[in-house]
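Undergrad: Quick mapping for you: the protein sequence lines, in order, are chains A and B. According to our numbering, the stretch in the first sequence is residues 3 to 251, in order. According to our numbering, the stretch in the second sequence is residues 303 to 629, in order.
Any given hint could turn out to be false.
Chain A side only, calculated, beta carbon under 8 Å to chain B, not exhaustive [stated by the list, open to error]:
1) Phe118
2) Lys119
3) Ser120
Listing some non-contacts, in silico: residues in chain A with all C-beta distances to chain B over 10 Å [claimed, not checked]:
4) Ser63
5) Asp109
6) Phe115
7) Gly154
8) Glu183
Note that these hints are calculated values from the structure, not bench results. Backbone N, C-alpha and C fix where the C-beta goes; we use that ideal spot for every residue, glycine too.
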Amino acid sequence: MKNKILNIKNLSKSYGAFKVTDEIAIDLNFDEIHALIGPNGAGKSTLIKQIVGSVKHDIGSIVLDQEDITDLNDVERAKIGISRTFQVSSIIPKFSALDNIILSLLDKSKETFQLFKSIRKNKELDAKAKKILREIELSDKSNILASELSHGDRRKLEVGLALAMDPKVFLFDEPMAGLDESGTKMMINLFKKIKTNSPILLIEHDMDAVFALADRVSVINYGKIVATGTVDQIRSNVLVRDVYLGYEI
Amino acid sequence: MIIEKFFNKWIMFFLILIPTFGVIFDEPYFITLATKVVILGIAGVGLNLALGYCGLISLGHAAFFGIGGYITGILSFHALNDEVLFSWPLVVFGSSEMLIIWPIVILVSALFSFIIGLLSLRTSGVYFIMITLAFAQMLYFFSISWPNYGGEDGLSIYMRNSFPMLNTMDPLSFYIISLFWFLFSIFISLRLINSPFGMSFQAIKQNEERVKSVGIETFKVKLLVFVISGTITGLAGSLYTDLNRFVSPTVLDWHTSGEIMVFVILGGMARLYGPLVGAAFFIALEQTLGSYTENWQFWLGLILILVILYARSGILGLFDKKLRHEK
C-alpha cells in the first residue's frame with residue numbers, strides 16, 4: 003500500500019442497466035507508467051472521468067497518496083494533485099500556447115485571485131511556462147493562438163498543461179493520438195523523464211508506445227479489468243489477445 | 303489590439319469634444335445627452351465584464367442598475383424631506399451627498415450581486431438567463447408595490463445630489479463626474495482583464511471544463527466577476543437617477559437589462575469601449591429615428607439582427623476588421 007500513489011477499489015458506474023465500469027480495481031505505483039488498454043467503448047475514458055471527479059461513481063473508493071479523495075469534486079481533486087489530458091484536445095482556443103500554460107500554473111502559484119497585478123509582468127510565471135514549452139518542444143510556437151496549432155501540437159500543449167500543474171499523478175487519455183513519428187518519440191522520452199516525479203496512468207491505442215513505456219498494463223473490457231501484468235505477461239495473455247490485441251505480437 | 307487602441311483614443315477625443323461643443327454653442331442638451339451615453343456606457347462596462355469577458359449571459363442586470371438608482375433616490379428623498387430613513391436598531395437619516403451615497407450604492411449593489419450570483423451561478427446556459435431575469439423581475443414588481451417611494455409612478459428627487467465644490471445641476475459639472483466614473487470603470491476593467499484573475503475568467507468563457515481541470519475554482523471566479531459587474535452597473539444606476547432626478551420601476555424592468563445587453567452587443571463584446579459605442583449608437587438612433595417614428599426600435603431590431611449576423615464583434619469589431627484588411 004505504501005508504494006502506491008493511487009489506489010482505486012471497486013469503482014462502478016452504471017447508466018441504467020448498462021455498467022460502464024464494473025468493480026474496477028487498479029493502482030499506480032510511484033515511478034511507474036501504468037497503461038490501460040482495451041477496445042473502444044470498454045470504459046477507459048469513463049474511468050478517467052471518475053478518477054478526476056467529472057463523472058460521479060456509484061460505489062467504490064479512490065485513495066491518492068494515502069488520502070481518501072472519493073468525496074472530493076473535480077476541482078478539489080485537481081488541486082490535490084490529479085492532472086489530466088482529454089481524449090479530444092481541450093485547450094483555451096483564443097489564448098496563445100504560452101498563456102495556456104500560464105493559466106495552468108495559476109492555481110499552484112496561488113495567483114488566481116490576483117485582481118490587479120499584471121499577468122504580463124509576472125516574470126516567474128513567464129519563465130516557468132517557457133521552460134515547459136521547451137520541454138514539449140513548442141517554444142517556437144509560444145505566441146501562436148492555441149486554435150491555430152496543428153492537431154499534434156495541441157496534443158503536446160495538453161501534456162504541457164498537465165505538466166505545469168506539477169501533480170502527484172498524471173492521467174493521460176490517448177496523448178499520442180494524431181502525433182507523427184517524431185511527436186510520438188518526443189512524447190515517449192518526455193513520459194519516461196516525468197514519471198519519476200509523477201507516475202502516469204496512460205490510456206493509449208498506440209501499442210508500440212504502450213509497450214515502449216509501460217511498466218504495467220491493465221486491460222479493460224466491458225467495464226471490467228480482465229488482466230493486469232507486465233508488458234510480457236500481457237503480450238502472452240490469450241484472453242487479452244482475444245478481447246483486444248487480436249494478433250500475435 | 304493596436305487598432306482597437308487607436309479607436310479608443312478617438313473615442314476619448316469625442317468624449318471631450320462633444321461637451322466642449324455644447325459649451326461653445328450653448329447647447330446644454332448635447333452635454334446632457336453625452337452624460338446619458340456615458341452613464342449607460344458605465345452600465346454596459348459592468349455587464350461587459352460578466353457577458354463579454356466571462357460568458358455569463360445575465361438578463362438581470364437591471365436589478366443592479368435599479369438598486370443603485372433606488373438607493374440614490376431613497377436616500378435623497380429622505381434627506382430632502384428631512385425624514386429618518388429608519389429608526390431601529392439605529393437612527394439613520396437620508397443623504398444628498400454623493401460622497402455618502404456612492405459607497406452605500408457600491409456596498410448594497412455588491413451585496414445583492416453576491417446573493418443573486420450565489421444562487422444563479424449554480425445553473426448555466428438558459429437556466430442562468432432565466433434565473434437572473436427572475437430576480438430582476440422580482441425587484442421590479444416589489445418596486446411597483448412599494449407606495450412609500452412612489453410605486454408605479456416612481457420617485458422624484460427635485461435636485462441632484464451634491465458634490466463638494468461642484469454645482470451638480472450644471473450639466474458640464476455632472477458630465478465630468480459621470481466621465482470620471484466611466485474612466486474609472488474602464489480602468490478597473492482594464493486592470494482586471496490583464497490580471498491572473500482576468501486570465502481565469504476569460505478562459506472560463508472559452509472552456510470551463512479545462513479551467514476546472516487545472517484546479518481553478520471556476521464558481522468563485524464567476525461569482526467575483528458577477529459581483530464586480532453588478533457593482534459597476536449599480537453605480538451607473540445611481541448616476542442615472544441623479545441625471546434624471548427621478549427613479550421609477552422602469553429601471554428594474556427586463557427591458558433595461560435587454561438595453562444594457564444591446565449596448566454591449568452593438569458596440570462589441572469583450573471590447574473595453576464597446577458598451578460606450580453601443581450606448582452612443584443606441585441614443586443616436588433614439589434621437590434621430592425617434593423624431594420620425596415612434597417605432598424606431600423596429601429599426602434598432604433590424605440593425606441588431608445585422609450586427610449579430612454579419613458583425614459579431616460589434617461596431618468596433620467591424621471597423622477593426624476593415625482597417626486590418628486595408629493595412
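Undergrad: Evaluate each hint against the coordinates.
TA: Structure-based check of each hint:
Taken as an interface hint, Phe118/A checks out: its beta carbon lies about 5 Å from the nearest beta carbon of chain B, inside 8 Å. The beta carbon of Lys119/A comes within 6 Å of a beta carbon in chain B, closer than 8 Å, and the hint placing it at the interface holds. The beta carbon of Ser120/A is positioned within 8 Å of a beta carbon in chain B (closest approach about 5 Å), and the interface hint is therefore held. No beta-carbon of chain B is positioned within 10 Å of the beta-carbon of Ser63/A; the least distance is around 22 Å.
Listed as a non-interface residue, Asp109/A fails to keep its Cβ farther than 10 Å from every Cβ of chain B; the least gap is roughly 4 Å. Chain B draws Phe115/A into its interface by the beta-carbon criterion, the shortest separation being 6 Å against a cut-off of 10 Å. No Cβ of chain B comes within 10 Å of the Cβ of Gly154/A; the nearest lies about 19 Å off, and the non-interface call holds. At roughly 28 Å, the least C-beta separation between Glu183/A and chain B is larger than 10 Å, which holds for a residue marked as non-interface.
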